[in-house]
Amino acid sequence: MLLEKLSNARGVSGNEAEVREILIDTVKSRVDAYRVDSIGNLITFKKARGARRAALKVMLAAHMDEVGLLIVHHDSNGHLRFRKVGGIDDRVLLSKVVLIGKDKIPGVIGVKPIHLLKEKERDEIIDFESMTIDIGAKNKEEAQSAVNIGDYATFATEFATLDSGLAKGKALDDRAGCTVLAEILKRDYPFDLYGVFTVQEEVGLRGARVAAFAVEPDVAFALEGTVCDDSPKKKDVSPTTRLGEGPAITIADRSFIADKRLVDLLIETARENRIPYQIKQPMVGGTDAGRIHITKEGIPSVAVAVPTRYIHTPVSLFDLKDFENTVALMTKALPRLRAFSI
Amino acid sequence: MATAKKATHFPNFDRGGEPAERMHPLKELTKRLTETYGPPGNEQLIREVIREEIKSIADEIRVDALGNLIARKKGSGGAVPRKKVMLAAHMDEIGVIVTHVDEKGFLRFATLGGVRPITLFGHRCRFANGVSGIFGREKKDAKPTDVEMDKLFIDVGAREAKDVPVGVGDAAGFWRDFADLGDRMIAKAMDDRIGCVALIEVMRQLKKSPHDLYFVYTVQEEVGLRGATTSAYGVQPDLALAVDVTDTGDTPESTPMAVALGKGPAIKVKDSGMLAHPAVKELLVNVAQEAKIPYQLEVLVGGTTDAMAMQTTREGVPAGVVSIPTRYVHTPSEMVDMNDVQNAVKLLVNVLSNPIKLD
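So the protein sequences, as listed, match chains A and B. Counting the first sequence from 1 gives a position; the working numbering is that position plus 2. Counting the second sequence from 1 gives a position; the working numbering is that position plus 837.
These are calculated hints, taken from the structure and not from any lab test. There may be inaccurate statements among the hints.
Computed Cβ-Cβ distance ranges for the label pairs, DEER-style [claimed, not checked]:
| id | chain 1 | residue 1 | chain 2 | residue 2 | range |
| --- | --- | --- | --- | --- | --- |
| 1 | B | S1091 | A | V110 | 53 to 61 Å |
| 2 | A | G112 | B | N966 | 56 to 64 Å |
| 3 | A | A53 | B | R953 | 26 to 34 Å |
| 4 | B | S1091 | A | A19 | 54 to 62 Å |
Covered stretches of chain A (chain B as the covering partner; in silico rule of three or more C-beta atoms under 8 Å from a C-beta of chain B) [said to hold, decoys possible]:
| id | stretch |
| --- | --- |
| 5 | 73-84 |
| 6 | 111-119 |
| 7 | 270-284 |
Partner residues aside, some chain B positions facing chain A, computed with beta carbon under 7 Å [to be verified]:
| id | residue |
| --- | --- |
| 8 | I934 |
| 9 | H937 |
| 10 | D939 |
| 11 | E940 |
We treat Cβ as the ideally placed atom computed from N, Cα and C, and that holds for glycine.
Just chain A, with the same shape it has in the complex (with noise of 0.2 Å):
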């Protein structure tokens, strides 16, 4: 299962190569041509066909990346001391497992036990710079043979699908809009289409700023896992999305305002085919699209995502429904892009 493949595969903004050759042998034959760029981003390409082609150039964007974590030092315990890569709130490190490096050395994120914790530190937050990793060295010296400075951490969370119909995993965001994209890639359109999988999303949406420049597309998609936060509240307010509910149309975001042709576009074609979709909770996240409409002299976009609980943690839970209901929306919206007048 591609899903499970990718969510296992590790690969932190700036190390997407893992992910990257995964998607290679997944989707070469699918497209006509496919290429490497110099940031790392994957673009294939795949030729208009069809007896009622279109003259128009559209790009799909998913990213590769993941947040994690870079080593950046040895303690003379043994210890490593590490940065952030991509937004991590610090109170979901403590604990918890990671592979670092090529050799996926394990290693634990320590914490005092709860006998030796002071009753003023018990409420107080730690944050991530005085953390350490404990991989088991004796020292320094064994630490830095075991470990390089810039050698990247990821979870050491294992794909698993439970019995509800929801998937378990790491780096969800956006291995489910990299695999929604390679789904989509199966079938044929009546233009040419490059679907490219990005780099360097989670770290300011660099891959997908030289990738849209390079493309220049007339339209551009961002596929996505994004928030969603549907737990029970206090009060009547929005969640940002709701598990179960079909995929989530992006109207705005901290990082772009969608074109109202794509947002209607996406919404007619739900309801025609009777697909479950909903909005995505406006000025919320930010996504690749955030760069791509703003390339060159302007590119119409818009953001389409699986929802996602605990995104941006160790491990996160999606609805496989919602993800089979954004390749069927994507799949049935972008022939309809034929009749899309710029």
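Given the coordinates of chain A, work out where chain B should sit on it, guided by the hints.
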């Protein structure tokens, strides 16, 4: 330069059957533009109003992928060195966007651009479909002075959720009508409809220019200069000028700033996003001095304009800003002095009528 009408205290007041004085055309235009709806990403209505004003005086008009309105006035040629000049004023105004409709029909919202909670409570907003609402606040557990964004809501007068005539993702702008105070005017969205007014007026007054001119009415400035980013890339100018509002330091106990209402357009030296190109600043200063147009120099501590995006497009473009001094920026009632607007127009017309040399 047209002279401003003598200030009267209540020029629109019904004075017992006398025929109402016709408003100055520039004020009429300001009223029309400021009272039009147009939060970021929702510029379709204001774009059509501006298009209507300029369609007979532009050589070409196009709307780009993001919605920028790009009007070209071809140069008459001849002058050396001839320049391709981009002038930008943004059409969008700050606003809010609905994030949730609760069971009772109250709306929660997020902001589009720099909206501060203190400017909202008790004020009105209006949606694209004309629906008006008022910003209310949760009072329980709050001091009378507390105004926090996540404790504010919009009330559109609905009895329950199903009666609400707008939905999640719909945007609203402030709703206030234009007020004519004589020399001074108050309106919502002076930022930056007054810049649009100035550009329209420059297009009208400019008889002849050796330069190829692109008047760009941009979108989404308030959420990150996004329209200027794409339109500057498309126009690829040799010189870029933004016309936008700037703060003043002339109100009681204000943050010190050497810009005042009525003392002329402000020529930007620096703001928090850019340093004006020294040669562009010099050009504006020299033309103002030669034409005896009052001007002020502007150093703005917080905020920036489309010029920041234009300056860094492609290989870089010499850029500057002509600012209209404005009190109460980013509130529902922003005040400008019409003399400053007219002097800004005069300055730009003088700059564009003559050969431009940037050293």
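If I claimed the Cβ atoms of A/A53 and B/R953 lie 26 to 34 Å apart, would that claim hold in this structure? violated (56 Å)
Taking the closest Cβ pair, is B/H937 under 7 Å from chain A? holds (3 Å)
Cβ contact check, 8 Å cutoff: the stretch 73-84 of chain A against chain B, three residues minimum: Check failed, 0 qualifying residues.
Have a go at the B/D939 hint: is there a Cβ in chain A nearer than 7 Å to its own Cβ? holds (4 Å)
Given that the stretch 270-284 of chain A was listed as covered by chain B, double-check it with a C-beta distance under 8 Å for 3 or more residues. Check passed, 3 qualifying residues.
Between A/G112 and B/N966, is the Cβ distance one that fits in 56 to 64 Å? holds (58 Å)
So the hint says 53 to 61 Å: do the beta-carbon atoms of B/S1091 and A/V110 match that? About 56 Å separates the Cβ atoms of B/S1091 and A/V110, which means 53 to 61 Å holds.
Please verify that hint: B/I934, Cβ, nearest Cβ of chain A, below 7 Å or not. holds (5 Å)
B/S1091 versus A/A19 beta-carbon gap, inside 54 to 62 Å or not: With a Cβ separation near 56 Å, B/S1091 and A/A19 satisfy 54 to 62 Å, so the hint holds.
Against chain A, run the beta carbon of B/E940 and see if the smallest gap drops under 7 Å. At 6 Å from the nearest chain A Cβ, B/E940 passes the 7 Å test, so the hint holds.
Go check the stretch 111-119 of chain A versus chain B for me, would you? Three or more residues, Cβ under 8 Å, otherwise it fails. violated (count 0)
Of the numbered hints given earlier, the model fails hints 3, 5, 6; all others are met.
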